[in-house]
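With the hints as extra help, turn the sequences into a complete structure.
Order-wise, the sequence lines are chains A and B. At position 172 of the first sequence (counting the first as 1) the number is 172 in this note's numbering, and the numbers step up by one without a gap. At position 151 of the second sequence (counting the first as 1) the number is 151 in this note's numbering, and the numbers step up by one without a gap.
Check the hints yourself; a few may be wrong.
[As the list claims (entries may be wrong)] Straight line, CA to CA, 16 Å or less: simulated EDC-like cross-link-like pairs of lysine to aspartate or glutamate:
hint, chain 1, residue 1, chain 2, residue 2
1, A, K169, A, D95
2, A, K10, B, E105
3, A, K169, A, E106
4, A, K10, B, E28
5, A, K169, A, D105
6, A, K169, A, E107
7, A, K10, A, D58
8, A, K10, B, D21
9, A, K10, B, D36
10, A, K121, A, E159
11, A, K10, A, E40
12, A, K169, A, D99
13, A, K10, B, E115
[As the list claims (entries may be wrong)] Some residues of chain B that are not near chain A, with every Cβ distance over 10 Å (derived):
hint, residue
14, D5
15, I7
16, R13
17, L14
18, S40
19, I101
20, I109
21, W117
22, R132
23, G135
24, E136
25, Q138
26, D141
27, G145
28, I146
29, R149
Since the hints were made in silico from the structure, they are not lab data. Even glycine gets a Cβ: it sits at the ideal position worked out from N, Cα and C.
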Amino acid sequence: MASSPATVWKEWLAQNGPRLLLFARGWSQCQHDAEDLVQEAIIRLWNYQADKGATPPDLPLAFSTIRFCGLNLHRSESRRKKREESIIYLNDFQDVWLDPVLEEDEEALILRDAVQNLSPKLREVVVMKTWGGLTFAQISETLAISQNTAASRYRYALEQLSHELRRIKQSRHASA
Amino acid sequence: MQAPDPIEAALARLMPVAFSDSGLRAIEQSLDELADLNESLPTQQTTTLPGPTAAPRKLRFLIPSTIAASIATLLALLPGSGPTTRENTATDTPSTPQGLILVSESERIESMTDEGWLSDPDGSAMQAVRIRTIGENQLRDEETGIEFRVTEPREEILLMPVSSF
Numbered sequence: 001m002a003s004s005p006a007t008v009w010k011e012w013l014a015q016n017g018p019r020l021l022l023f024a025r026g027w028s029q030c031q032h033d034a035e036d037l038v039q040e041a042i043i044r045l046w047n048y049q050a051d052k053g054a055t056p057p058d059l060p061l062a063f064s065t066i067r068f069c070g071l072n073l074h075r076s077e078s079r080r081k082k083r084e085e086s087i088i089y090l091n092d093f094q095d096v097w098l099d100p101v102l103e104e105d106e107e108a109l110i111l112r113d114a115v116q117n118l119s120p121k122l123r124e125v126v127v128m129k130t131w132g133g134l135t136f137a138q139i140s141e142t143l144a145i146s147q148n149t150a151a152s153r154y155r156y157a158l159e160q161l162s163h164e165l166r167r168i169k170q171s172r173h174a175s176a
Numbered sequence: 001m002q003a004p005d006p007i008e009a010a011l012a013r014l015m016p017v018a019f020s021d022s023g024l025r026a027i028e029q030s031l032d033e034l035a036d037l038n039e040s041l042p043t044q045q046t047t048t049l050p051g052p053t054a055a056p057r058k059l060r061f062l063i064p065s066t067i068a069a070s071i072a073t074l075l076a077l078l079p080g081s082g083p084t085t086r087e088n089t090a091t092d093t094p095s096t097p098q099g100l101i102l103v104s105e106s107e108r109i110e111s112m113t114d115e116g117w118l119s120d121p122d123g124s125a126m127q128a129v130r131i132r133t134i135g136e137n138q139l140r141d142e143e144t145g146i147e148f149r150v151t152e153p154r155e156e157i158l159l160m161p162v163s164s165f
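Structure (structure tokens):
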């Protein structure tokens, strides 16, 4: 028996939701806003896919749509930013984007913060490549940049993360 | 075979956090509503929406679910009607579903906002303008004479080449 479109989309969401949420998190102030962003993108994608068999979209399109929604959100957010920041600090003191697979993984924990602190241009490439599973060709199409630029940003991001990891480990060992 | 970058290996030991229960429920509810809406009242309009992607995309904008739900309820109350048999009436085609007469249709621009400049995939400067339009179709049920209005708010971003600086 064929699954209903909603069921197919829910299965797709179960498989890809966390990586979409991570990407949306880079465009949002908190997890709640990121979830709203993903929801808005999914509604747009549902309508877009309606005449394409109503199947879930491929990931590059999903990332592209989230990015587009994030750009719109960013423009309107600046007016309410101060008020929302106060709400965030009250309720989201444990707002992390990534979880380490092993709890005691010091390197992973350091990198988690470092990824969140990357510039948006570098971070979105790292997120799509590492957790989105996209190729540089797909990333370049999503971001409307050349493949060389996508690869360069990725390499530069890894260098920055590596540098940050070394710096923090050295400072911790020095103070130990 | 090239050894994996140690940073990449460390990043692979991180995994994205999952949706919150409430967030996941909200999205799944939206999917259910969208699926129900498609079955009962497939009223859609297609518009071209240039966005910051490499190729032009077409996006459809859905009637707000609250309005569509009201229409579905009204249609369900009409004797002899059934929401599952209704076809799209709020389109630019002259044909209307059986039992409904298109009385009038209009489209007005509610607001236009300058969104600044963007660059297209070729690197050309484009002026982005956000336009909010309201499409309204006045419909009348032949059998009961009840008239109702279908309102479709729509938002588009138009990109126009910048030719002078």
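Hint check:
no., hint, in the structure
1, K169/A x D95/A, "23 Å, violated"
2, K10/A x E105/B, "36 Å, violated"
3, K169/A x E106/A, "9 Å, holds"
4, K10/A x E28/B, "7 Å, holds"
5, K169/A x D105/A, "13 Å, holds"
6, K169/A x E107/A, "8 Å, holds"
7, K10/A x D58/A, "14 Å, holds"
8, K10/A x D21/B, "14 Å, holds"
9, K10/A x D36/B, "15 Å, holds"
10, K121/A x E159/A, "14 Å, holds"
11, K10/A x E40/A, "15 Å, holds"
12, K169/A x D99/A, "19 Å, violated"
13, K10/A x E115/B, "34 Å, violated"
14, D5, "6 Å, violated"
15, I7, "5 Å, violated"
16, R13, "4 Å, violated"
17, L14, "4 Å, violated"
18, S40, "13 Å, holds"
19, I101, "26 Å, holds"
20, I109, "19 Å, holds"
21, W117, "13 Å, holds"
22, R132, "13 Å, holds"
23, G135, "15 Å, holds"
24, E136, "20 Å, holds"
25, Q138, "24 Å, holds"
26, D141, "26 Å, holds"
27, G145, "33 Å, holds"
28, I146, "29 Å, holds"
29, R149, "22 Å, holds"
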